[in-house]
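2 protein chains.
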Amino acid sequence: MNEDRLTGRGLVVLRLNHRNGRDDRITTHVCLVGRAFGADGAVITDSDATTQASTLRKVNAQWGGRFWVEGSVRATTVISKWKSKRGIVVNLSMYGESLQDTVSEISYRYRIMERGLLIVVGSSKVPGYIYKMSDYNVAVTHEPHSEIAALAVFLEKITKPLLSTRRENAELKVFPRLCNKGRVGVYEKEVQ
Amino acid sequence: MNEDRLTGRGLVVLRLNHRNGRDDRITTHVCLVGRAFGADGAVITDSDATTQASTLRKVNAQWGGRFWVEGSVRATTVISKWKSKRGIVVNLSMYGESLQDTVSEISYRYRIMERGLLIVVGSSKVPGYIYKMSDYNVAVTHEPHSEIAALAVFLEKITKPLLSTRRENAELKVFPRLCNKGRVGVYEKEVQ
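Chain order of the listed sequences is X and V.
This note's numbering puts the first sequence at residues 312 to 503.
This note's numbering puts the second sequence at residues 312 to 503.
Chain X extracted, bound-state conformation (with noise of 0.2 Å):
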């Protein structure tokens, strides 16, 4: 990967343990939540990221926004790289402290003390080093559940997206339209 992207600024997804196959949907759902929740891109550790780094290409192309996907990396790397750049890193686990309990630290240190985000999701397996690395280690609720809903769950609380409006670039936008018949899901899409 190109290491000049873990600058310690914004946010930033580190994907875990993906397994080539397995794991390629759940991996390019995640790098679509990141886009979607406003990171600025993902690094997916154990993989060359040549899919998830074509599909979000495409998304950009069509929806906007400058997402990057970047593999070939160590775990270790990244978050020490992020680390020595004063950035901080939070590992999404459900053995982590509350989100409930965390969020609004991690948000002032991410909003006014500018400190960017390093988010650690991994599979079923995460490696003690990983916990003892990490800043933060959170969890968004104590149950098992999905690396997916956990990350989406964090940046929603982290980015407020659902405020957002169009983005720089996009070549599609949704206009929802509320029609007759009460809420009738009629909508448009327009091109700029």
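For the record, the hints were derived by calculation from the structure and aren't laboratory data.
Bear in mind that the values here come from a model prediction, so they are computed numbers and not experimental data.
Among the hints, a few may not be true.
In this list, chains with the same sequence are indistinguishable; a pair is considered to hold if it fits within one copy or across any two.
[As the list claims (entries may be wrong)] Each computed SDA-like pair below joins lysine to any residue, with the alpha-carbon atoms no more than 25 Å apart:
hint: 1; residue 1: K484; residue 2: A372
hint: 2; residue 1: K443; residue 2: F486
hint: 3; residue 1: K396; residue 2: K468
hint: 4; residue 1: K369; residue 2: K436
hint: 5; residue 1: K484; residue 2: M405
hint: 6; residue 1: K392; residue 2: N328
hint: 7; residue 1: K443; residue 2: N371
hint: 8; residue 1: K484; residue 2: G332
hint: 9; residue 1: K436; residue 2: R368
hint: 10; residue 1: K484; residue 2: P455
Take the given structure of chain X and dock chain V to it, following the hints.
The following block gives chain V in isolation, referenced to the frame of chain X:
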């Protein structure tokens, strides 16, 4: 499926267009998110739902709750039955009205008026009649991302699962613990 589940009360997830094999993991994540974020059960169309039902039974056994999974039923049957019981149908789609604009009305009808919500999540192509049969078409951002993420963010607003504590009949519970050296992710599971 056992249609007596469709009471028009509580929260039920309806997963559309499941493709056996290809969608197995995504649909399992949908069910796990439904459970972790407080829904009562999930209906999977176009599948007998055996895989998901078995996974969720195991998760219930360890982590508590009574989340159920049913399959072998048509979407229109589920929606019609739900509406006949005065339940409300919410279709999550990037082409809908924004969550920000709809959540308080839906939340009011669910919490105060005690109308149940059937939350519909599709895969890529959701047929037009689903939009027409739904009471609300709700967009969790107007960007393409993930039905798992959309469901999680929607339910998080409705059920506030981040505030919840141990479930009845759970065998395991996470005890997050702050440790020396800042917030190191040491944790315990404890058997009751």
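Of all the hints given earlier, name the ones this structure violates by number, lowest first. Hints 7, 8 not satisfied by this model.
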